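Participant: Let the sequences and hints guide you as you build the complete structure.
Chains as they are written, first to last, in my numbering: chain A, 1 to 114; chain B, 115 to 804.
Quick caveat, the hints were computed from the structure, so don't treat them as lab data. Please note that the accuracy of each hint is not assured.
Going by beta-carbon spacing under 8 Å, a handful of chain A positions derived as facing chain B [said to hold, decoys possible]:
#, residue
1, A23
2, S56
3, A57
4, G60
5, V61
6, M63
7, S64
8, I91
9, G93
10, L94
11, Q96
12, L97
Please read these numbers as outputs of a predicted model, since none were measured by experiment. All residues carry an ideal CB built from backbone N, CA and C; glycine is no exception.
Each chain is listed here by its residues.
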Amino acid sequence: MLSINKAADRDHLIIELNGEVDASNSVELDEVIQQALSEDSNKILVDGRKLEYISSAGLGVFMSYLEDFQEKNVSFVIFGLNEKVLNVFHILGLDQLIRIRQTQEEAEQALYEV
Amino acid sequence: MVKLPNIQRGKIYIMLAILSWLALLFVDLVRLFGEINQMEGDISQEITWILEIIFFIILYIYFNDSINKKEHSNFLNLIWRAASTGLIATAVSFLIIYFYYLLAGSRLSEDPLLRNFFYHVNFALTTVFLISTSLLWKHLILYQKSKAVVQQWQAYEVILLISMFFVLINQESFNYGFMFGLIFLIIYGVILSVNLKWIPYLTFREKWKSILFLVIIIACTTYLLVQMVSYNQKNIHFINLSENLFLLGIFAFVLIYAVFSFLVTLFNLPTSSVFEQKLTEAISFQRLSQSIQPGENEEQVLDILMDSSMSAAYVDAAWLEMHGQDAEGLPARVLHQKFISNGERQELLDLLKNTEPFSGYLKGQTDAKIEYINGKIPHETYQSVLLIPIRANKKVLGDLFLLKEVKDGFNKEMINIISTFVGQTSISIDNYRLLNEAIKNERYREELEIAQRVQRSLLPSELHHNACFEIDGFSAAADEVGGDYYETYRFDPDNFALIIGDVSGKGTSAAFNMSQMKGVFHSLVQLNLRPKDFLTKANNALSRCLEKNNFITTTYYTVNTREKEIHFARAGHCPTLFYSKEAGKSHFLDIKGMGLGIVRNASFDRYLEEGKLSYHPGDVMVLYTDGIVEAKNEKGQEFGYDNLRCLLDRFHALSAREIRMEIITAVYSFVGKDILPDDDYSLLAIKFKA
Chain A
1 MLSINKAADR DHLIIELNGE VDASNSVELD EVIQQALSED SNKILVDGRK LEYISSAGLG
61 VFMSYLEDFQ EKNVSFVIFG LNEKVLNVFH ILGLDQLIRI RQTQEEAEQA LYEV
Chain B
115 MVKLPNIQRG KIYIMLAILS WLALLFVDLV RLFGEINQME GDISQEITWI LEIIFFIILY
175 IYFNDSINKK EHSNFLNLIW RAASTGLIAT AVSFLIIYFY YLLAGSRLSE DPLLRNFFYH
235 VNFALTTVFL ISTSLLWKHL ILYQKSKAVV QQWQAYEVIL LISMFFVLIN QESFNYGFMF
295 GLIFLIIYGV ILSVNLKWIP YLTFREKWKS ILFLVIIIAC TTYLLVQMVS YNQKNIHFIN
355 LSENLFLLGI FAFVLIYAVF SFLVTLFNLP TSSVFEQKLT EAISFQRLSQ SIQPGENEEQ
415 VLDILMDSSM SAAYVDAAWL EMHGQDAEGL PARVLHQKFI SNGERQELLD LLKNTEPFSG
475 YLKGQTDAKI EYINGKIPHE TYQSVLLIPI RANKKVLGDL FLLKEVKDGF NKEMINIIST
535 FVGQTSISID NYRLLNEAIK NERYREELEI AQRVQRSLLP SELHHNACFE IDGFSAAADE
595 VGGDYYETYR FDPDNFALII GDVSGKGTSA AFNMSQMKGV FHSLVQLNLR PKDFLTKANN
655 ALSRCLEKNN FITTTYYTVN TREKEIHFAR AGHCPTLFYS KEAGKSHFLD IKGMGLGIVR
715 NASFDRYLEE GKLSYHPGDV MVLYTDGIVE AKNEKGQEFG YDNLRCLLDR FHALSAREIR
775 MEIITAVYSF VGKDILPDDD YSLLAIKFKA
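Facilitator: Below, the structure written as structure tokens:
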């Protein structure tokens, strides 16, 4: 089960992930990011506080946009991941490519420091 | 007992019948001769009666046999058989009369012996006619028989048998006993004669024919009866054969059943067409309900629907228009068109589009759930129209247009039956499509099985090793095919390469990427690279092959058993679990790493680290894929890293094979029987011995 909320805050976009991202619903996540990019949001914050699980397919979604983020100069920060999910990012090495923060404040700070 | 073949039996019966008739004739003529010449006859009349009874019984058995053999002949043939026998008997009787007419005045014409001979001929033919006809009636009475009717008939046969012998008991003719018996037989005949179920099954034409035949039978029977009775009155010297109750009884039965059949058939004539109509409808319904046979297609079913609907409502013209199927890219088209030209159809369609209540539906405005539209149109030829949408799988496939020249041509019953036809057609088409889909799925499944076999062969059946270490592997895919991969390679007796990998996603796409990984491994391993270089080159190769959002995690190891050293690099794969005998516990070898295909440029090697460790005998290394640690039980809890680590702490002393088995068993019992694994599980256990 996954529900995604998208909200604008100041000049950044917050994407809130709720539940589990797996092969069956990773497309939804993909659509949301795709949409955000097409709307020319250049600051994207992913709220992962309620993200319980992410499968390789879900990680694949983030991974597939890394190049786009770089090209379009989009800053992308994930925050609030629980230990288990963070470990998944870490094992794959995605934490070396995506900025991951503990709290929303830290994340926002990271978002605006570029 | 020797069983005689049927044909011979029939011939024997005929022989016996003729013999008994000849004996009867001889006995009677002798008796008559004695009577005329007033000699004291030694032959009593009982012999005549007994011979007569024998004759009856033989004929009865013979005809019973021969009619049963022709069980499947139709009703009309049966009635015609009876009528023709009657005609022959009558014709012979007329010939005899004509013969006497020619002989008129001569002495011969007065000869009682000759007259009696002809009387016997007449008697024999009449008996043949009556017995054969009553047995044909039996066949008609027992059509669609119930147990009660069969019992009635059997009782009747017994009564007839008794009636044959009545003459032996009751010597006086036409007394109360005889009359009572006759009346009883007549009443019983009437009761049996109400069984006329065969009549409705005749078509209109057949009914007319059967009426004709029945009239012939009635006429013949009446004539033969009158003729037989008149013999009694005209001749002084004669042997009376007609006083047998049996003979009069079946006379009555044959006549009564013929009259009943005649009347019922006659009164059935006007409703005959309705019955035929219902029968056609039933057959149409059956044809529609039979699912489409292989080799047939939907159009044939729709054709049957057209024909059935048209005949059910006496439709003058009709067409069937199929809607365009967006999914199949088919344009709208007219599939069937009966008794109407293209121009006329177009004209009518335009008219309908402007006429209520059709216009709303045809323009797609009204509710699509409409079942039928019945109405009239201002057209010079056609006055009433019935439009029925044909649906399959909740989608409208097309519309059936039925036209009649009369006003209000479609009544409730017609609409009902046509709706039923349409409903049945929809079911047939649905079933046909489902069946086709099932066949297609079956084919896919077979293809997948082949893929599964191919992929199983991609995993090594034997793992390279030497006396210094044991190695044992296990892999299970969640779907038919999986994305897990492991392999070994031997450079020389002391140097080995190991790899374990997991392709993102699962199922078929993962399986394809896994086979690419295998190719990359076998190409690069021969270069004998350091693990970090190996992975960098692998990333380079795979970046060109993998889809944008696919990646592969892997760990590559080189093992040198002489130096007792392991070099490894981790490309985003789960950290290796290592049990150190020295430390007495196991830990995860966590080094920096990055999945293959995530960074698709030269900077990839920046994210990699290379690890090195020295092992000692008794150390154990466990390689696994994330399916193991992420395996979930019914409460949604994950198996986890700690569980895995504790298991190795517990079982490190066992052999590689036993360690592997213990861990896999533990994972499966954690997950439970009721949950299907949703990821691929793979595990390699390596135990160092020297």
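Participant: Does each hint fit the structure? Answer for all of them.
Facilitator: Against the structure, the hints come out as follows:
{"no.": "1", "hint": "A23", "verdict": "6 Å, holds"}
{"no.": "2", "hint": "S56", "verdict": "4 Å, holds"}
{"no.": "3", "hint": "A57", "verdict": "5 Å, holds"}
{"no.": "4", "hint": "G60", "verdict": "4 Å, holds"}
{"no.": "5", "hint": "V61", "verdict": "6 Å, holds"}
{"no.": "6", "hint": "M63", "verdict": "5 Å, holds"}
{"no.": "7", "hint": "S64", "verdict": "4 Å, holds"}
{"no.": "8", "hint": "I91", "verdict": "6 Å, holds"}
{"no.": "9", "hint": "G93", "verdict": "3 Å, holds"}
{"no.": "10", "hint": "L94", "verdict": "7 Å, holds"}
{"no.": "11", "hint": "Q96", "verdict": "5 Å, holds"}
{"no.": "12", "hint": "L97", "verdict": "7 Å, holds"}
Hint check: no violations occur; every hint is consistent with the structure.
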